[in-house]
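2 protein chains.
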Amino acid sequence: MNAEIISIGTELLLGRIIDTDAPYLSRKLAEIGIDVYHRHTVGDNPERLTALIETALERSDIVITVGGLGPTVDDITIETIANLIDTRLVLNKTVLKDVREYFKIRRVKCPAGSKRQAYLPEGVKWIRNRVGTAPGLVAKYKGKLIVCLPGPPRELEPMFDLDVIPYLKRLHKIKWLLKSCTIKTTGLAEAQVNYMVKDLLKLNPPTTVGIYAKLREVDLVIMSKAKTHRQADRSIEKIKRTIQKRLGGHIFGYDDETLEEAVGKALIKKRKTLAVAESCTGGLVSHRITNVSGSSDYFLMGVVAYANAAKTAMLGVSPSLIEKYGAVSRQVALAMAEGVQGAACSDIGVGITGIAGPTGGTKAKPVGLVYMACVVGKKRIVRELRFKGSREDIKFQASQLALDVVRRSV
Amino acid sequence: MNAEIISIGTELLLGRIIDTDAPYLSRKLAEIGIDVYHRHTVGDNPERLTALIETALERSDIVITVGGLGPTVDDITIETIANLIDTRLVLNKTVLKDVREYFKIRRVKCPAGSKRQAYLPEGVKWIRNRVGTAPGLVAKYKGKLIVCLPGPPRELEPMFDLDVIPYLKRLHKIKWLLKSCTIKTTGLAEAQVNYMVKDLLKLNPPTTVGIYAKLREVDLVIMSKAKTHRQADRSIEKIKRTIQKRLGGHIFGYDDETLEEAVGKALIKKRKTLAVAESCTGGLVSHRITNVSGSSDYFLMGVVAYANAAKTAMLGVSPSLIEKYGAVSRQVALAMAEGVQGAACSDIGVGITGIAGPTGGTKAKPVGLVYMACVVGKKRIVRELRFKGSREDIKFQASQLALDVVRRSV
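Going line by line, the protein sequences match chains A and B. So for the first sequence, this note's numbering puts the first residue at 1460; every next one is plus one. So for the second sequence, this note's numbering puts the first residue at 1460; every next one is plus one.
Fair warning: there could be bad hints in the mix.
For identical chains, the list gives no copy identity; a pair is met inside one copy or between any two copies.
[Stated by the list, open to error] List of simulated lysine to any residue pairs, SDA-like, C-alpha gap at most 20 Å:
| # | residue 1 | residue 2 |
| --- | --- | --- |
| 1 | K1847 | E1616 |
| 2 | K1487 | I1477 |
| 3 | K1847 | S1573 |
| 4 | K1657 | S1573 |
| 5 | K1574 | F1562 |
| 6 | K1657 | I1535 |
Bear in mind the hints are in silico, worked out from the structure with no lab data behind them. Just so it is clear, the structure is predicted and the values come from calculations on it, not from any experiment.
One chain only, chain A, in its complex shape:
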């Protein structure tokens, strides 16, 4: 069984938007053994869309369209599909109720145009949108399947995972499947990781290892194609153990696990609480920590002490210390960590100070210089690093460092 994906939108063709939906669908389809040999992007043009769907239906069992389901005149998918399968659009009262409810909950007047979304091709299965207003469609046509999904990823992803995937699984017997495992590390450069697993990167299918470098993170991806889950799992598990032996504590998580989740897990396990004082990261560390559901159990407080007066007033950093060593120094990072630990009565205190740039650097203290301190009980860890990149890149790398030090020292 194979599928073909058509992303719809003139804004895509103009390069104004990066398409992450098609890769998402591709990954999910591979996991359940459905091949994707073609993907397309086409504008908001009914003729070209119709022609493309017709061509796709000739060679593929499933055609998935993405986008063009909204309430505006640019949104042409529903009408195009209705014309293609030769059915009329009828008002769907459930969808209309949903749309009205959507605006009611938000206390916004239901706009006139939004009724358009409730007109669906007669007799075609539709899928409720859990997040937005535009429903999805599943149309059977000439023995093939046309699936229409909304464009926004936060609407498309749950709809595909919770409705379309189970439907496709019922429809076809899985002949092979593709499984993967992502091993995430931080603290090593790409070249270092590369050197440590050089032999594994040369493996040939059905099981392969790839290396992907991100900002202060290097991921290894093991992929295995097999007839059964068990077979794939066994191949992956073997290589995973080899990598674990070689990379040890540099590994912070697997697959979708984030560094902030790893920090949360470690804190919960050791029943420790955390407070963070940030200067150059400007709240990013607190933001990442609080992205984890349940973080209120261990995260007590964050202070973004941007002004020196705030470092003194909120964290008790003495003005003479700042004057003597500068706001960007080991001493101030440590005083911030101790200060926030004391103010929050937390087990662990973190202090970060640095120069995020692009201005404000000097020869002695260049842009990218970051001091990070972590106080755990009586233990004191202070790190000095120099990061490169944009302001946001430097903030992110500093947050990676801070989270990783906490993870390793809890």
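Based on these hints, arrange chain B on the given structure of chain A.
Chain B only, in chain A's frame:
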């Protein structure tokens, strides 16, 4: 004149890589007046690639392939093109010298397979790769043009900008060019904006308006196709003024300007300082504000008061107030804003409290309920909103609300 882009790579079809090359080429082609109506992604498969190029050549003047020029057996583009245009591959000594030089400079042994890259279709124009080893190709075929570019963006982008664009400009007289302006709004739903500019959305080329909904942000993009920059600018300016009249204060910026930058501008203009107390947004508001270079001039302090004890200790929110109204209430939001304003001695204080979810909601106070208070001198603004989506979506929408209220009330 129009072009069609084909991205080649099984990795792309498996969804493991996000294609940013095709959007890049799309943008650059639009700027010089070349239309793109179709884009495709296909795997490392000669038959499917050949069929796709043939179809593309039927309807487009230029077919641009991306990727598959490397030294490995997966790289099939050169051979496929040679077969298609019926020419043989011959060793190009200049390219071979380049490849050897490349490895020599890097003090790496020239790998056996790399010689493969020096075999090019006989009589076809090739383009030197400034960054990597794989040359590009420009083949004339049946009155059409086939352009082959390497996949890595840092190789593709200079090759396209410095070689292909000038070539295409010489080849076809630029009859038109495309300019755009993005108008960014927040505070209105997509359907509301849609309703307010309904007539403009129906405009036909050469000047059009598109609507793009994001999380608590709706953008309008004016695009104008014209013979000269001046002509395009004039058409854009006219519609821009109409939109400004209708949307007024809902507009926070243009093109790449962010909401946090708009907040910064407003604060600098009025010489006001800001301090933020966050609960449910967990540091995101501070993070966004400090993403702006120079924010230390107006942003004094952020407090992420996650625990109730922190609300009391750092912001002076009385425990009895929390007990009476709950931590998620108008009263506590206001007390947080007043508390942080007092602690930081700032002109403006912001307080945000809510339920980011996915757990912790009740019937009276559901997930997504957010209270946001802004204290400006003696003025007090308190807003209650209900957001939907994931934990991160709710945090982001609440941060949009907070930043926008500050922007409007400075």
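(message) Within, between, both or neither: how does the pair K1847, E1616 come out at a Cα-Cα threshold of 20 Å?
(response) between (34 Å within a copy, 15 Å between copies)
(request) Can you give me the call for K1574 and F1562, within, between, both or neither, at a CA distance of at most 20 Å? (result) within (12 Å within a copy, 62 Å between copies)
(request) Could you place K1657 and S1573 in one of the four classes (within, between, both, neither) given a Cα distance threshold of 20 Å? (result) Between. Shortest inter-copy distance 12 Å satisfies the 20 Å Cα cut-off; intra-copy 55 Å does not.
(request) With 20 Å as the alpha-carbon cut-off, assign the pair K1657 and I1535 to within, between, both or neither. (result) between (48 Å within a copy, 16 Å between copies)
(message) My question is about K1847 and S1573: at a cut-off of 20 Å on alpha-carbon distance, are they close within one copy, between copies, both, or neither?
(response) between (47 Å within a copy, 18 Å between copies)
(message) My question is about K1487 and I1477: at a cut-off of 20 Å on alpha-carbon distance, are they close within one copy, between copies, both, or neither?
(response) This pair counts as both: shortest intra-copy Cα distance 19 Å, inter-copy 14 Å.
Figure legend: structure checked against the earlier numbered hints; every hint is met.
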